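Undergrad: Residue strings, one per chain:
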Amino acid sequence: MITLQTFQKISDYEWEIPQTFRSGMRVPVRVFATRRLLEKALQDASIEQAVNVATLPGLVGRVLVMPDMHQGYGFPIGGVAATRYPDGVISPGGIGYDINCGVRLLSSTIAFEQVEPYLDTLVAALDHHCPSGVGTRGALHLSDKELDQACRSGSRWALKQGMATEQDLEFTEENGCIEGAAPEKVSPRAKERGREQLGTLGAGNHFLEVEVVDQIFDAEAASAMGLFEGCLVLSIHCGSRGFGHQICSDYVQEFQAAVRRYGIQLPDRELVCAPLDSPEGQAYLGAMRAAANYAFLNRQILAHHARQAFEEVLRGKVKNWHLRQVYDIAHNIGKIETHEVNGEKVKVCVHRKGATRAFGPGSPAIPEAYRSIGQPVLVPGSMGTASWVLAGTETSMRISFGSSCHGAGRVMSRNEAKRQVRGEHLRKELEAEGIHLRAGSLSGLAEEAPQAYKDVDAVVETVCGAGIARKVARLRPVAVVKG
Amino acid sequence: MASTPKTPIGFEEIEHTADWSLRVWAPDLPTFFEQAAKGMYQLMGAESLSAPIEEIELTVTGEDPETLLVAFLSELLYLLEKGKVAHRFYMIFGEKSLSVQLKCLPLKSISKEIKAVTFHNLAIQSLNGLLEATITFDV
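First to last, the sequence lines map onto chains A and B. Residue numbering for the first sequence follows numbering that gives the first Met the number 0, starting at 0 and increasing by one per position. Residue numbering for the second sequence follows numbering that gives the first Met the number 0, starting at 0 and increasing by one per position.
Bound conformation, chain B alone:
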């Protein structure tokens, strides 16, 4: 059973035998998605240069927040492969879609590769006023 978060926003790595699991919590969906992105970057050791900034817009669709989350993080992985690290996020949630304006910086280096974002036991739940979920990444 996961312990109660000490801060209203955050993420932490959860032990997994072969892959990576990340527990994320936040008070609302946009902040939750942003925390998930930052946690994923941290797991990968992604470091960016300080300039130039590139603005990128992306839209993902899905039946529920979990599907949107996997699609959103997968898009960020693709951008990372293209050498772009998102550092500012402006999100607009539709009924079954998410539009995001990103400010991206050039990738300086990463230390570990994530192959994919999985749906394994993924459920964004509301607990004590916070949204919380554990995301498993294939590495």
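Next up, chain A with everything else stripped away, as it sits in the complex:
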């Protein structure tokens, strides 16, 4: 049993379970949390799941857990694990079913006061232009060949279709296209689902949110990102839809046999994996990259539709209704990166499952405009609470494989949330706070109630206290579209 006594306290924000805690662990587990957040985490299986992850072959450094952690399936949400490339393993479950679920932030120079009278119209237009909800299909009808091309090109595909700008691509992780995508390693079923769902938001915790820049903490970084106090921004949270879900399902199923072939012993079948340099590992890597590019493209298309909604509602009412991309970042992904481990540069596959890349200043992987300030880290709140823009740091490069938190993190089951919160009551509460809302269902709304999540401010204080990110700006929600 894992208790507070199992941990060695490293600092007020870091706790470690040594490799000797359980046989089979190949590396220690480092948790970024305050004592209070850690005590909460011990109420579900998140830490136990992190200990299970620490048994994967080829791990380097430590398994890391972010303060927004909660129980998942196999990996905990908030988990980061780096495996040596090319002889370590890749685990589809460590990336998740919603491959490249992520967040995009667009900024504007629209003052909140100017647009306040039109917010209800704006949220209705966003809801109209950006298809959302269970089983929604998009307006695009791609052939197999076009889908393959879209998966190889990611956001570049949207640029060719007039749904992106060069600047959008510049300010997207990997410029919206990870090289090495292999659509030929994607099943016909995944493609069938992918063809129908491109350009849709989905349901669950996915959302579009109009926010106001509430407080600036780092004026230089905020200015570089185009964030100005009192101005509107737009967040888009979604992923690779049924395309990614199917790819992950296919490979988790296929890897059940692969672990037997490679003699890999695991404490949980959802952790199935294959060596990165094996045919199975390479096939998954190529398919996963295809899904990652699909997700970048999906958020790009949604951003295009959101811009149409802004123009439709605000043209002639405000001077400049344009939305400029701040950044687009993945939080469910596996990336081949080079990091320093024990003083040595090592090429690794970083699994981020509910964790955001947070590269520090100077990294060549981030846009030149952000190179002196660090990569933007987008931390959405929980509908009705703040969201945050942070920046990656040198410390994150040193101690967390350039990673940080990805959100508030659930603390309450969906059932418990529905028992405690009435959807209709929540809607009225949010509206009374001035938050305009469109939601697919009231029960879905209740499941996603702010009470079901941790205090995002406490999560942000923790990553900043640990030094793996620093504050840039705090955002306040004023309109939400929930799938």
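Quick caveat, the hints were computed from the structure, so don't treat them as lab data. Every value quoted in this text rests on a predicted model; they were computed, and no experiment measured them. Here a beta-carbon is modelled for each residue, glycine too, at the ideal position from N, C-alpha and C. You may find that some hints are simply not true.
[To be verified] Listed below are the simulated PhoX-like cross-link pairs for lysine-lysine, each with C-alpha atoms no more than 25 Å apart in a straight line: (1) Lys-190/A <-> Lys-5/B; (2) Lys-417/A <-> Lys-107/B; (3) Lys-81/B <-> Lys-417/A; (4) Lys-184/A <-> Lys-81/B; (5) Lys-190/A <-> Lys-83/B; (6) Lys-111/B <-> Lys-427/A.
[Said to hold, decoys possible] Stretches of chain A that chain B covers, calculated by requiring three or more beta carbons in the stretch to come under 8 Å of a beta carbon on chain B: (7) 72 to 80; (8) 403 to 413.
[What the hints assert, rightly or not] Per the computed footprint, the stretches of chain A lying under chain B, defined by three or more beta-carbons under 8 Å from a beta-carbon of chain B, are: (9) 87 to 99; (10) 200 to 208; (11) 247 to 256; (12) 264 to 270.
Position chain B relative to chain A; hints supplied.
TA: What follows is chain B alone, placed relative to chain A:
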């Protein structure tokens, strides 16, 4: 520790912080799989129209019952996305396969989406003459 089932066949939702867990029990494998399907539909709030009935056959393969279960439920999720809800199941288990004849009805509505069926801690165990397992769904 899960309590002893009060009925010989059934399912119940188990608390999970972010996703959904479903405990299923039944005296034999075909009934167990059918209960798992019904439980999954209930979690999603899947409602069907009363006609027309469509017959669909599917076959899944796997090394063990757990792999077959995940494959079977994943097929049902796909059919649901295609607007079909299975309401009658005739199953034939092979050594490493499962063939199912389904009678499906058109989907009327669902209230929640399941992204995937996971293998997380999935083990179909025999306890006091009943098969039992907890299935975790990604939502």
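Undergrad: Checking one constraint from the list: CA of Lys-111/B to CA of Lys-427/A, max 25 Å. Satisfied?
TA: Distance ~22 Å between Lys-111/B and Lys-427/A Cα, so the pair holds.
Undergrad: Report holds or violated for chain B covering the region 264 to 270 of chain A, Cβ cut-off 8 Å, minimum 3 residues.
TA: It holds: at least three residues are needed, and the region 264 to 270 of chain A offers 3 whose Cβ sits within less than 8 Å of chain B.
Undergrad: Hinted pair, alpha-carbon criterion (25 Å max): Lys-417/A, Lys-107/B. Please report holds or violated.
TA: holds (23 Å)
Undergrad: Three or more residues of the region 247 to 256 of chain A near chain B by CB distance under 8 Å?
TA: Result for this restraint: holds, n = 6.
Undergrad: Within the assertion that chain B covers the region 72 to 80 of chain A, do at least three residues meet a Cβ-to-Cβ distance smaller than 8 Å?
TA: Our answer is that it holds, as 3 residues pass the Cβ test (under 8 Å) against chain B, meeting three.
Undergrad: Can the restraint linking Lys-184/A and Lys-81/B be considered satisfied, given a maximum Cα separation of 25 Å?
TA: holds (23 Å)
Undergrad: Counting residues of the region 200 to 208 of chain A that have a beta-carbon nearer than 8 Å to any beta-carbon of chain B, does the count reach 3?
TA: Held - the region 200 to 208 of chain A has 3 residues with a Cβ nearer than 8 Å to chain B, which meets the minimum of three.
Undergrad: Closer than 8 Å Cβ to Cβ for three or more residues is the test here. Does the region 87 to 99 of chain A pass it with chain B?
TA: holds (count 4)
Undergrad: Can you confirm whether the C-alpha distance between Lys-190/A and Lys-83/B stays at or below 25 Å?
TA: holds (19 Å)
Undergrad: Taking a Cβ-to-Cβ distance below 8 Å as contact, does the region 403 to 413 of chain A have at least three residues touching chain B?
TA: Coverage by chain B holds for the region 403 to 413 of chain A (5 residues, Cβ < 8 Å).
Undergrad: Given the hint that Lys-81/B pairs with Lys-417/A, does the C-alpha gap stay at or below 25 Å?
TA: Distance of about 28 Å is beyond 25 Å: violated.
Undergrad: Would you check the hint for Lys-190/A and Lys-5/B, treating anything up to 25 Å between C-alpha atoms as holding?
TA: violated (44 Å)
Violated hints, in rising order: 1, 3; the structure is consistent with all others.
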